[in-house]
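If you read the protein sequences in the order shown, they are chains H and R.
Under the working numbering, the first residue of the first sequence is numbered 1, with each subsequent residue one higher.
Under the working numbering, the first residue of the second sequence is numbered 1, with each subsequent residue one higher.
None of these hints come from the bench; they were simulated from the model.
Built from N, CA and C at the ideal position, the CB exists for glycine as well.
Treat the hints with caution; some may be incorrect.
[Unchecked claim] If you anchor each label on the Cβ, the simulated ranges turn out as follows:
{"no.": "1", "chain 1": "R", "residue 1": "158", "chain 2": "H", "residue 2": "7", "range": "24 to 34 Å"}
{"no.": "2", "chain 1": "R", "residue 1": "162", "chain 2": "H", "residue 2": "88", "range": "18 to 28 Å"}
{"no.": "3", "chain 1": "H", "residue 1": "52", "chain 2": "R", "residue 2": "67", "range": "47 to 57 Å"}
{"no.": "4", "chain 1": "R", "residue 1": "39", "chain 2": "H", "residue 2": "81", "range": "28 to 38 Å"}
{"no.": "5", "chain 1": "R", "residue 1": "39", "chain 2": "H", "residue 2": "13", "range": "46 to 56 Å"}
{"no.": "6", "chain 1": "R", "residue 1": "105", "chain 2": "H", "residue 2": "4", "range": "14 to 24 Å"}
[Stated by the list, open to error] Dumping the calculated DSS-like pairs for lysine-lysine here, alpha-carbon to alpha-carbon at most 27 Å:
{"no.": "7", "chain 1": "R", "residue 1": "69", "chain 2": "R", "residue 2": "160"}
{"no.": "8", "chain 1": "R", "residue 1": "73", "chain 2": "H", "residue 2": "9"}
{"no.": "9", "chain 1": "R", "residue 1": "69", "chain 2": "H", "residue 2": "9"}
{"no.": "10", "chain 1": "R", "residue 1": "40", "chain 2": "R", "residue 2": "160"}
{"no.": "11", "chain 1": "H", "residue 1": "9", "chain 2": "H", "residue 2": "65"}
{"no.": "12", "chain 1": "R", "residue 1": "73", "chain 2": "R", "residue 2": "160"}
{"no.": "13", "chain 1": "R", "residue 1": "91", "chain 2": "R", "residue 2": "160"}
{"no.": "14", "chain 1": "H", "residue 1": "36", "chain 2": "R", "residue 2": "40"}
{"no.": "15", "chain 1": "R", "residue 1": "160", "chain 2": "H", "residue 2": "36"}
{"no.": "16", "chain 1": "R", "residue 1": "40", "chain 2": "R", "residue 2": "91"}
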Amino acid sequence: MSHVHINRKQYWQIFVALFVLTILEIAVVLVPGIAKALVIIALVGLAIVKATLVGLFYMHLIHEKRVLKLTVGIPMAMPGVYALVLVTEAAWRLVR
Amino acid sequence: MWIFLLSDALTFAGLLLAYAILRGGSARWIPEGAPILGLKFTAVLTFLLICSSVTMVLAFAAAVERDRKATVKFLCLTILGGLLFLCGQFKEYFGIEWLGHLVGGNIGEQIATGLTDEGLIFGKSHYATTFYLITSFHGAHVFSGCTYLTVIMIRTAMGKYDDGNYNHVEIVGLFWHFVDLIWILVFTFVYLIPK
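Chain R on its own, in the form it takes in the complex:
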């Protein structure tokens, strides 16, 4: 897993370096009329991933102690964190219209509106393209992580690791923490660094 994570880390490093070079070399990074990325909403998504990292490490601790019930519980919470993150990313890109209408008012309008509605279109500018490439590549990792976690959670619930072999839980944990670690860097470089 470490070898895979290293190769994956270098892929992200390539994307982030390309982003830095393009951004550093452009006179005007954010084109006129393009929306500014929302900081507060993404901070909530960051918090979700941090929470899911702590539930993941607690699942690992429970697996080591051969506590099947607690392992399944914490793996489920980790998956929930990942799924909520993905929903948040979907909202950020496209907005969730039905939920926006349901909530109503200003908040509802914000929920219904995504970056694509505000004019941030893939291929229209380096700003838009690098944003969607990097964040969706990370999102694909979150999706893969949720799928992987679900498989391990089901196998745990079936008692496949009751013999004390916690390696599978540890390995899925490594992948999940890596996804969190990469998000820490993406959040800083794509969202936080001022224009």
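One chain only, chain H, in its complex shape:
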């Protein structure tokens, strides 16, 4: 278990950040004229930022030991790396 770090002000700041980022996500989808590729990159980026905020500050991962951070972070990143390889491969097949 983590050492206890209670910071109510920070919890509310994260809440506001998550709220604003969610509105931003919806805006990115609803605002017309943005290229589809840009929309997808923005949405994935925003989702990663939101998930990281929850993991670091609400799950208190930021206060955990380095070894736990790596134990959680590396396997969590693996599907992302796999997805990146798949997307790159699909893109390569389209342009070759």
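Could you slot chain R onto chain H? The hints should help.
Relative to the frame of chain H, chain R by itself:
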């Protein structure tokens, strides 16, 4: 709990990757006549889960400070958020007819109608099947989380953690935040990414 969450995260990763592969490989993802997933309603559900995450972390803070009353209050609010989310998901799938009739008008009609009424049937297309699989699997986590939270809330109310042992509240909190974190990804990949 971290080991369990990692294995669970990889299960969700498998589902989302399968979804991405199927969607990326299909010429037409949304079949003709199938409904488009509602963005605004799901955004409200997302907001509910974000709210329940903040109440969960406040419950943890209260547990650390040995404030039993505040811990129970915030755990109850977290459970309420989860239950409302589940009601929302039920409405999204099947609609709530009696509530729709009660409200009446256009809004009532929207409440009474679910995706199944609009033709999104499990097994009819990859679009429908992956949608129901991923969102219901997440919904099952919300249900489990509500049950788990209820047990911890009752034990807290009974004074089981008055000795300053807040580990149980912290662990249920980890599970609940994980459910929120997964929803952030599901919301993006299933609802937001344009067709």
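Hints, verified against the model:
Distance hint for residue 158 (chain R) and residue 7 (chain H): a CB-CB separation of about 29 Å, consistent with the stated range 24 to 34 Å. The hinted range of 18 to 28 Å is not satisfied by residue 162 (chain R) and residue 88 (chain H), whose Cβ atoms lie roughly 55 Å apart. Checked against the hint of 47 to 57 Å, the C-beta distance between residue 52 (chain H) and residue 67 (chain R) comes to roughly 29 Å, which is inconsistent with it. At roughly 29 Å, the beta carbons of residue 39 (chain R) and residue 81 (chain H) sit within the given window of 28 to 38 Å.
Remark: the range hint 46 to 56 Å for residue 39 (chain R) to residue 13 (chain H) is contradicted by a beta-carbon distance near 26 Å. Against the hinted window of 14 to 24 Å, the Cβ-Cβ separation of residue 105 (chain R) and residue 4 (chain H) comes to about 51 Å, which falls outside the hint. Using a Cα cut-off of 27 Å, the hinted pair residue 69 (chain R) and residue 160 (chain R) holds, with the two alpha carbons roughly 13 Å apart. Taking the CA atoms of residue 73 (chain R) and residue 9 (chain H), the gap is about 19 Å. The hint holds against a cut of 27 Å.
For the proposed pair residue 69 (chain R) and residue 9 (chain H), the alpha carbon gap of about 21 Å is at most 27 Å, so the pair holds. Restraint check for residue 40 (chain R) and residue 160 (chain R): the C-alpha separation of about 41 Å exceeds 27 Å, so the hint is violated. As the CA atoms of residue 9 (chain H) and residue 65 (chain H) are separated by approximately 23 Å, the hinted pair is consistent with the 27 Å bound. This hinted pair checks out: residue 73 (chain R) and residue 160 (chain R) have alpha carbons roughly 16 Å apart, not beyond 27 Å.
The suggested pairing of residue 91 (chain R) with residue 160 (chain R) is violated, with an alpha-carbon distance near 37 Å, which exceeds 27 Å. Annotation: proposed proximity of residue 36 (chain H) to residue 40 (chain R) holds, straight-line Cα distance about 20 Å (limit 27 Å). With a CA separation close to 53 Å, the supplied pair residue 160 (chain R) and residue 36 (chain H) exceeds the 27 Å bound. With a C-alpha separation of about 14 Å, the suggested pair residue 40 (chain R) and residue 91 (chain R) falls inside the 27 Å cut-off, and the hint holds.
Hints 2, 3, 5, 6, 10, 13 and 15 from the earlier list are contradicted by this structure; the remaining hints agree with it.
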